[in-house]
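Enquirer: One-letter residues, chain by chain:
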Amino acid sequence: MSAPLVDISSVSHRFGQHTVLKNVSLTIEPGSYTILLGPSGSGKTTLLSILGGFVTPSEGKVLIRGEDCTAVPPAKRPTTTVFQDYALFPHMSVGSNVGFGLRMRGVDGATRAARAREALALVGLATAFDKKPHQLSGGQRQRVALARALVVEPAVLLLDEPLGALDLKLRRQMQDELKAIQKRVGTAFIHVTHDQEEAMALADHCVVMNDGRIEDEGPPERVYARPATRFSATFMGESTLISGTVTEAKSGKITVTTKLGSLSQPGTLPAGSTVALAIRPEHLVLGAAAGAVALGMVKVSDVVFQGSFKRVLGTSTTDPALHFIAKVAAASAVQPGDVVAVSCDAGDIILLADQT
Amino acid sequence: MRALIRLVSGLYAIAIYGFIFLPVVVLVLFSLQATSFPIPPFTGPSLRWYEAVLADTRLTSALVNSLLVAVVSSAVAVTLGFLSAWGFARFALPGSGLMRGLITLPLTVSYLIIGMGLLVLFNWTGVPKSLLAAGIGHVVINLPLCFAIVYSQMGDHQINIERAARDLGAPEWKVLLLITVPIMAPAIFAGFFLSMTFSWDEFVISFLLTRFDTTLPVEIWNLLRSGLNPKTNAVGSLVFAVSIVLVVLFELMLLRRKPA
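Same order as they appear, the protein sequences are chains H and P.
Here this note's numbering is used: position 174 in the first sequence is 174, and no number is missing along the way.
Here this note's numbering is used: position 16 in the second sequence is 16, and no number is missing along the way.
No lab work stands behind these hints: they were computed from the structure.
Here the structure is a predicted model, which means the values were calculated and not measured.
Accuracy of the hints is not assured; some may be wrong.
[As the list claims (entries may be wrong)] Just some of the chain P residues that point at chain H, by a computed CB distance under 10 angstroms: (1) Ala3; (2) Ala165; (3) Leu168; (4) Ile183; (5) Asp201.
In this text, a Cβ means the ideal position worked out from N, Cα and C, and glycines have one as well.
Required output: the full structure, derived from the provided sequences and hints.
Expert: See the structure below:
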């Protein structure tokens with residue numbers, strides 16, 4: 001494998017006294033779709049601004065195509081950005097908006113128009129060339145912003161919460177289109193969002209951020225199935241979290257003692273470590289058809305019908321502080337107030353070491 | 001009772017507007033006087049005094065001077081005002097609040113003080129009394145106004161638009177020229193036309209800072225010294241008409257809003 005397209009090494013950033021990025025390192029492969037996922041204040045947007053050149057990091061380096069771009073201004077680096085508010089030029093036609101980057105590169109008018117039309121066709125807006133931005137809908141403006149950023153053939157396309165301003169239905173639709181466009185042009189996309197569904201749907205590589213650090217990164221399937229930390233287990237999808245202590249550790253097996261009893265897990269943590277056991281809602285089994293690991297009884301507090309399934313919320317009868325989130329078939333007859341047995345398969349338990 | 005209130009408030013409105021506009025109406029009316037004195041009874045209408053104004057080379061050259069000073073000084077004032085507004089809006093400057101206060105301060109200083117100050121300064125530095133000196137004076141009084149108008153219209157939502165231009169490879173001067181100026185065009189034109197209005201009928205500074213070539217208000221004052229005649233009414237009406245056009249342009253620019 002050749003050198004990565006983007007290499008962020010040990011980047012930290014402070015705004016005044018406030019540290020927003022703490023020693024972040026990340027590599028981006030050519031042609032990949034990377035999602036930076038995190039709550040607001042996690043530093044994901046700052047990291048994107050550093051990649052785009054709008055912010056120069058306090059410490060660390062950013063290499064793009066092997067060149068040091070840490071302090072290179074936005075105009076001179078091979079990245080373009082799709083802004084959250086689209087930032088279209090309101091006084092120019094859609095065609096001139098899309099052609100602007102080429103105009104700045106000294107491309108002649110005829111070539112510019114031809115390439116702008118191509119880019120607009122790519123995003124499905126071939127007919128909007130002569131319109132003004134204010135004549136377009138939100139989703140259409142979004143596409144113009146995308147075409148404008150792609151037409152200059154950047155090495156990396158940066159997207160700052162690009163779907164944030166759209167309504168849910170449009171967001172899901174644009175999400176599919178974004179993925180398709182990315183596959184067609186083959187440009188590396190780096191996309192910031194706080195929407196975990198968006199992240200799972202789009203990412204080749206998912207980077208979960210919290211409090212200025214990277215909590216977890218990898219393919220979204222892996223991040224979902226085997227989250228590395230308690231934070232990513234709760235932020236990327238929901239989980240039931242059971243805290244416990246390692247009471248015994250030998251030859252790759254540990255015994256974790258919780259308020260619901262002891263269970264054996266593969267692992268190498270030393271005895272005495274505090275851990276959390278995370279179980280995804282779809283892996284919890286309610287009722288008599290018990291799985292291999294019994295988790296006691298749960299008192300159901302709420303049942304939410306969600307169309308294809310029901311979401312069941314409840315608390316453990318042995319430890320009322322322990323909240324269960326389970327997903328059951330839509331036809332299930334569970335009612336609020338029921339007390340039912342809950343269990344799961346040993347293989348579906350995710351062992352999370354507490355950070356110190 | 002209600003009818004009475006409406007009657008009284010109607011009369012009050014008529015009184016106010018009468019108070020404001022009656023002098024102008026009288027001025028314009030007697031500029032159309034056919035005889036030699038602008039006093040009742042009205043003998044017109046006649047355009048002879050307008051012909052007399054246009055035949056008077058001193059008045060017509062003063063009119064050209066006034067236009068020249070108004071256009072050039074307003075262009076300079078709005079350019080400087082725009083640049084300072086952009087600087088204050090886009091960069092974190094030390095003592096920004098204080099500096100913004102200082103730049104708008106001349107709005108509160110009387111024209112007489114500004115004119116006398118400039119007179120002393122020009123005397124001292126050897127700048128002769130001229131249209132140039134008066135033009136500089138007009139820049140001094142109009143720059144704060146242009147700054148205030150442009151600054152008030154320079155919103156944060158344009159920051160990302162400017163960033164997008166930079167991101168697509170535009171150097172800073174192209175960002176200003178191709179993005180910021182066109183977006184700010186309504187405010188810039190509004191500042192320009194309002195400055196022209198003020199420069200157009202400004203008297204005190206022009207009076208103090210010009211000598212041989214002078215502006216129209218100063219020339220009208222010269223004319224008035226030899227007593228009233230309908231010619232002064234005619235030239236006054238012309239000045240008023242131009243001011244009206246400029247103010248209307250200003251309002252069109254500032255109040256015309258495109259749907260967002």
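Enquirer: Now, for every hint given, state plainly whether the structure supports it.
Expert: Comparing the hints with the structure gives:
1. Ala3: 48 angstroms, violated
2. Ala165: Check passed: Cβ of alanine 165 (chain P) comes within 7 angstroms of chain H, closer than 10 angstroms.
3. Leu168: Where the cut-off is 10 angstroms and the nearest Cβ of chain H is about 4 angstroms from leucine 168 (chain P), the hint holds.
4. Ile183: Holds: closest Cβ of chain H sits about 6 angstroms from isoleucine 183 (chain P), inside 10 angstroms.
5. Asp201: Given a least distance of 33 angstroms, the restraint on aspartate 201 (chain P) is violated.
Checked against the numbered hints listed earlier, the structure breaks hints 1, 5; every other hint is satisfied.
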